[in-house]
Amino acid sequence: DGGITQSPKYLFRKEGQNVTLSCEQNLNHDAMYWYRQDPGQGLRLIYYSQIVNDFQKGDIAEGYSVSREKKESFPLTVTSAQKNPTAFYLCATTGQGDEQFFGPGTRLTVL
Amino acid sequence: GNSVTQMEGPVTLSEEAFLTINCTYTATGYPSLFWYVQYPGEGLQLLLKATKADDKGSNKGFEATYRKETTSFHLEKGSVQVSDSAVYFCALSGANGFQKLVFGTGTRLLVSP
Numbered sequence: 100d101g102g103i104t105q106s107p108k109y110l111f112r113k114e115g116q117n118v119t120l121s122c123e124q125n126l127n128h129d130a131m132y133w134y135r136q137d138p139g140q141g142l143r144l145i146y147y148s149q150i151v152n153d154f155q156k157g158d159i160a161e162g163y164s165v166s167r168e169k170k171e172s173f174p175l176t177v178t179s180a181q182k183n184p185t186a187f188y189l190c191a192t193t194g195q196g197d198e199q200f201f202g203p204g205t206r207l208t209v210l
Numbered sequence: 002g003n004s005v006t007q008m009e010g011p012v013t014l015s016e017e018a019f020l021t022i023n024c025t026y027t028a029t030g031y032p033s034l035f036w037y038v039q040y041p042g043e044g045l046q047l048l049l050k051a052t053k054a055d056d057k058g059s060n061k062g063f064e065a066t067y068r069k070e071t072t073s074f075h076l077e078k079g080s081v082q083v084s085d086s087a088v089y090f091c092a093l094s095g096a097n098g099f100q101k102l103v104f105g106t107g108t109r110l111l112v113s114p
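Residue numbers (my numbering), protein chains in the order written: chain B, 100 to 210; chain C, 2 to 114.
Next up, chain B with everything else stripped away, as it sits in the complex:
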């Protein structure tokens, strides 16, 4: 079944911890994206990658890091430098067209 998987669905982080959110796709899409969603603020772009081994900062990259070692995978690390990480995180991909396909999301909560 083709699609995008994100794990875990829920994640809890203690102050000062780094955590990594997983995003995997089997759609053979080149471009992948990470968004953060906060209530009433829509989606904000954190990082994106157009091709393996290359990625670019989005609008709110501070406190986050990514890697793109494989076409199928685009993990996001939320570092301790991110002071307000509690949010819903969405991964997306695009193929040849201009529409984006979204994963089910990971809800991160700081304890």
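Rather than coming from a laboratory, the hints here were simulated on the basis of the structure. There may be inaccurate statements among the hints.
Claimed, not checked - Sample of chain C residues at the chain B side, in silico, Cβ under 7 Å:
1. Ser33
2. Glu43
3. Leu45
4. Ser94
5. Leu102
6. Phe104
7. Thr106
Quantities reported herein were computed from a predicted structural model and do not represent experimental measurements. Even for Gly, the Cβ is constructed at its ideal location relative to N, Cα and C.
Use these hints to put chain C onto chain B, whose structure you have.
What follows is chain C alone, placed relative to chain B:
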């Protein structure tokens, strides 16, 4: 830069009522326009799209027409159902050959029986 403005919610309707959610945009060039829907606790799903002026996107009874003269892409449905309760996002793609989307803030729709 490019931007999208949506009407604030929540929009509260009774079942079978007519729905309009307004969306206007600012963009250079000729972007594609999208409506996405998000059900509680889930990711976004593409509802419909339009790629050029005067195109009408439609899906599941929802429609939106790309109006370049008014820079609008309003979402409409003739008769809403309880199952349409969700958050709706208007978005546009850049016209620079890369599919980076700009989203509106979302409009929550609540439909009561």
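Hints, one by one, checked against the model:
For the restraint placing serine 33 (chain C) at the interface with chain B, the shortest Cβ-Cβ distance is roughly 5 Å, inside the 7 Å limit, so the hint holds. Given hint, glutamate 43 (chain C) at the interface with chain B, holds; its Cβ is 6 Å from that chain's nearest Cβ, closer than 7 Å. Because the closest C-beta pair between leucine 45 (chain C) and chain B is about 4 Å apart, less than 7 Å, the hint holds. The interface hint given for serine 94 (chain C) holds, since its Cβ lies 5 Å from the closest Cβ of chain B, which is under the 7 Å cut-off.
Given the 7 Å rule on beta carbons, the hint for leucine 102 (chain C) holds: about 6 Å separates it from the nearest Cβ of chain B. Using the Cβ-Cβ criterion of 7 Å, the hint placing phenylalanine 104 (chain C) at the interface with chain B is satisfied: the shortest such distance is roughly 5 Å. With a cut of 7 Å, the hint placing threonine 106 (chain C) at the interface with chain B holds, because the nearest CB-to-CB distance is about 4 Å.
In summary, the structure agrees with every hint in the numbered list given earlier.
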